[in-house]
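Asks: Residue numbers for the sequence shown follow UniProt numbering, beginning at 1 and rising by one.
No lab work stands behind these hints: they were computed from the structure.
Keep in mind that a hint or two might mislead.
With a cut-off of at most 27 Å between alpha-carbon atoms, the simulated DSS-like pairs for lysine-lysine come out as follows [stated by the list, open to error]: (1) Lys43 to Lys29; (2) Lys60 to Lys79; (3) Lys43 to Lys60; (4) Lys75 to Lys60.
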Amino acid sequence: TVPELESNPQYVARESITQWQTMDGRTCKGPNIMPKFKNNPGKIWRGMPSHGMDTAAILKNIGYSENDIQELVSKGLAKVED
Numbered sequence: 001t002v003p004e005l006e007s008n009p010q011y012v013a014r015e016s017i018t019q020w021q022t023m024d025g026r027t028c029k030g031p032n033i034m035p036k037f038k039n040n041p042g043k044i045w046r047g048m049p050s051h052g053m054d055t056a057a058i059l060k061n062i063g064y065s066e067n068d069i070q071e072l073v074s075k076g077l078a079k080v081e082d
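Please construct the entire structure, taking both the sequences and the accompanying hints into account.
Replies: Set out below in structure tokens:
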């Protein structure tokens, strides 16, 4: 069970369960970054994005124009955050 994992000495020592703030400010608990590397342990830098939150930025980054993105949205092929 989850409570057993959270109190398992190996999970505790490895910090396998962590907490972070969601985009709406709530506290969420879940698995930490794995594997952990000594010189680059990784980190959770934000909560999970809402559906469509990053779509436009990612599509622009790979070369889609604003018109291309709007066409995908109008066809129901992509969702962008309002």
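Asks: Now look at each hint and say whether the structure bears it out.
Replies: Going through the hints against the structure:
1. About 14 Å separates the Cα atoms of Lys43 and Lys29, which keeps this hinted pair within 27 Å; it holds.
2. For the hint linking Lys60 to Lys79, the alpha-carbon distance of about 14 Å falls within 27 Å, and the restraint holds.
3. Distance hint between Lys43 and Lys60 is fulfilled; the C-alpha atoms sit about 26 Å from each other, no more than 27 Å.
4. Using a Cα cut-off of 27 Å, the hinted pair Lys75 and Lys60 holds, with the two alpha carbons roughly 18 Å apart.
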